[in-house]
Amino acid sequence: MKQKSTKNYTGILSSIFAIVLGLIVGLIVLFFCNAQQALPGFATILTGAFTHGAKGVGQVFYYATPIILTGLSVGFAFKTGLFNIGTPGQFIVGGFGAVYVGILFTSLGPVHWIAALLTSVAFGALWGLVPGLLKAYFNVNEVIASIMMNYIGMYLVNWITKSYKPLFNNLRNESRNVAASANIPKMGLDKIFPGSSVNGGIIIAILVVILIWLILNKTTFGYELKAVGFNRDASKFAGIDEKKSIIFSMMIAGAIAGLAGGLLYLAGTGKHIEIKDVLPSEGFTGISVALLALNNPIGILFSGIFIAYLTAGGFYLQLFEFSTEIIDIIVAVIIYFSAFALMVKLLINKINGRKATISEQSREGGKKS
Amino acid sequence: MNVVYFIFQQTMYFMIPLMIVALGAMFSERSGIINIALEGIMTMGAFTGVLFLSLTGGNFSGQGQLLIAAVISMATGMVFSLLHAYASINMKSDQVISGTALNMFAPAFAIFVARVIQGVQQVPFSNTFRIVSVPVLGKIPFLGPLLFQNAYVTTYIGIVIFVLSYVVLYKTKFGLRLRSCGEHPQAADAAGINVYRMQYAGVLISGALGGLGGLVFVVPTSTNFNADVAGYGFLALAVLIFGQWKPVNIMFASLFFGLMKAVASAYSGIPFLHDLGIPSYFYKMVPYIITLIVLIFTSRNSQAPKAEGIPYDKGQR
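In order, the protein sequence lines correspond to chains W and L.
The numbering of the first sequence is numbering that gives the first Met the number 0, which starts it at 0 and goes up by one.
The numbering of the second sequence is numbering that gives the first Met the number 0, which starts it at 0 and goes up by one.
In case anyone wonders, no lab produced these hints; they're calculated from the structure.
Quick reminder that beta carbons are idealized off the backbone N, C-alpha and C, glycines included.
One or more of the hints may lead you astray.
Among the chain W residues that face chain L by a calculated CB cut under 7 Å, a handful are [what the hints assert, rightly or not]:
hint, residue
1, 137
2, 143
3, 147
4, 150
5, 158
6, 322
7, 335
From the derived model, a few chain W residues whose C-beta atoms are all more than 12 Å from chain L [stated by the list, open to error]:
hint, residue
8, 54
9, 215
10, 222
All chains, full assembly: derive it from the sequences and hints.
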């Protein structure tokens with residue numbers, strides 16, 4: 000038990016190391032642009048989210064909802080030895096499923112939003128299933144297959160949305176509003192955070208985080224998924240159906256990313272599927288969220304809120320004539336250093352005892368094969 | 000016949016940057032370092048190159064300006080790729096993570112700096128580089144209109160890079176050493192090759208060609224740069240795999256992808272395709288679908304470098 004607590008501690012330490020370095024780089028960039036405004040600008044990044052009190056906190060949860068889930072999708076796949084860079088595609092396809100049901104199936108009444116959300120889960124799962132099948136049966140690298148699926152999904156969604164009249168608002172070149180019954184209920188959060196866009200989505204996201212944590216840590220199924228991630232051949236030898244595990248991993252990862260899309264486009268906050276040939280940024284942000292949390296589901300909840308918090312603070316940067324992209328720069332630098340942090344973690348483990356190092360190395364070895 | 004010339008000229012605009020970037024990535028991957036930061040490297044290269052074109056646009060034009068911009072783009076790409084090299088070679092990071100970080104960094108940085116310098120994020124430039132017809136060569140029947148009319152000097156640079164890549168990879172000592180590092184770095188090290196230096200060389204070449212590819216993509220197809228190379232870095236990765244990490248195959252793969260992109264962007268100007276009535280989205284999707292299908296058939300006996308993606312650790316020799 001003692002070993003485990005040290006490991007968790009070093010994990011958090013390496014993430015904090017990356018965050019601090021990222022923030023320092025951000026501060027340096029601000030100084031280069033405008034030395035006088037740099038410090039107040041930097042303070043805004045750190046505290047801007049609280050500018051409007053409870054409303055601001057609500058906004059943070061609203062921004063956090065989709066990226067917690069895309070982060071969870073990436074993190075879950077990582078835990079099972081797969082790199083799901085397909086979250087943008089799964090996200091947009093899932094979002095499309097939700098919008099489709101949300102606009103067309105208006106006779107469902109009170110369960111309308113649930114049906115729309117389930118559709119987004121199914122569509123996302125389908126988009127994750129393809130790279131999973133290709134990996135399991137044809138040994139196709141899931142990174143490349145997922146990248147291909149991203150673009151196929153994006154173009155397909157744009158194509159269908161644009162060519163199917165009931166879905167398309169041609170004045171604004173985006174999808175139409177979903178029916179009011181398809182919007183995610185507020186679940187009382189509008190009382191706690193008055194005036195903000197937050198809705199029940201954050202509660203659903205937290206429940207999914209807990210569910211995934213339980214699956215990974217408390218079930219045989221989750222254990223098998225992780226075992227295949229550590230070492231595919233050894234798992235097969237131990238009697239685990241490794242093909243099935245890979246397929247399920249990618250399907251679940253896709254389903255979570257699809258749900259993220261559903262929750263965003265059903266939020267009723269004026270978010271529509273825009274017909275642009277650009278992959279949704281929420282998908283890529285998910286990679287940052289997962290990496291920062293070292294793929295721990297509970298950690299992902301906090302890193303998602305953290306990145307949403309920085310993003311919310313970044314909006315107020317325009318007061319200082321800095322553009323909000325500084326947040327993306329900071330996050331990118333954090334991720335870059337969190338890749339180093341794996342090395343830092345290894346070093347700390349080495350100091351703490353050889354046993355931890357060996358287990359870490361065997362993990363690394365299994366992932367690469 | 001004019002239609003054929005038109006399609007081919009359009010194809011060149013899309014094919015050459017893909018080929019340049021994929022060839023660069025080939026050097027990186029054959030030295031054993033996965034480089035998915037191509038998109039970011041292209042963005043950075045295109046940004047500095049176009050920024051130079053924009054800032055010097057008032058009193059400078061023509062091929063000389065473009066060539067200087069190309070050198071700037073290559074230098075930028077190399078400097079930027081150093082970050083990836085340091086993370087993956089010295090720090091032994093997961094190469095995919097470091098590449099992802101660079102991909103996220105580049106567009107944010109380009110927008111941020113563009114806003115600081117000129118207030119808006121789009122960097123406009125005036126295109127004075129199109130060669131209507133190359134003297135003498137442009138008059139050759141058939142080949143003239145195909146290759147030497149409505150062309151850019153970057154097209155010929157791309158062809159030179161292709162030939163050089165082939166020669167360097169297969170006919171020089173450096174190429175042999177580089178390839179051995181991607182296949183079995185421990186053996187290469189035992190034979191006296193400095194693996195780290197070879198891998199740095201591979202990543203830096205991919206940085207230089209990636210940066211150049213970014214500029215080469217933006218100049219013919221746009222009139223301003225908006226911190227975005229439209230997924231071409233990822234497409235180049237697909238070209239690399241489609242081309243099975245070999246220069247000649249990469250050339251043909253980029254020709255095919257370039258053709259599909261050209262058809263998708265210009266099909267309404269091509270009578271017989273316009274009459275078919277297939278929406279442009281179809282042509283946009285096809286390269287990706289075909290790549291997936293090709294992957295199914297080639298992944299069993301993939302020609303990927305054996306040691307790709309595994310940080311080289313001297314201690315494991």
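Evaluation of the provided hints:
no.	hint	verdict
1	137	5 Å, holds
2	143	6 Å, holds
3	147	4 Å, holds
4	150	5 Å, holds
5	158	4 Å, holds
6	322	4 Å, holds
7	335	4 Å, holds
8	54	27 Å, holds
9	215	20 Å, holds
10	222	23 Å, holds
This entry satisfies every hint, going by the numbered hints stated previously.
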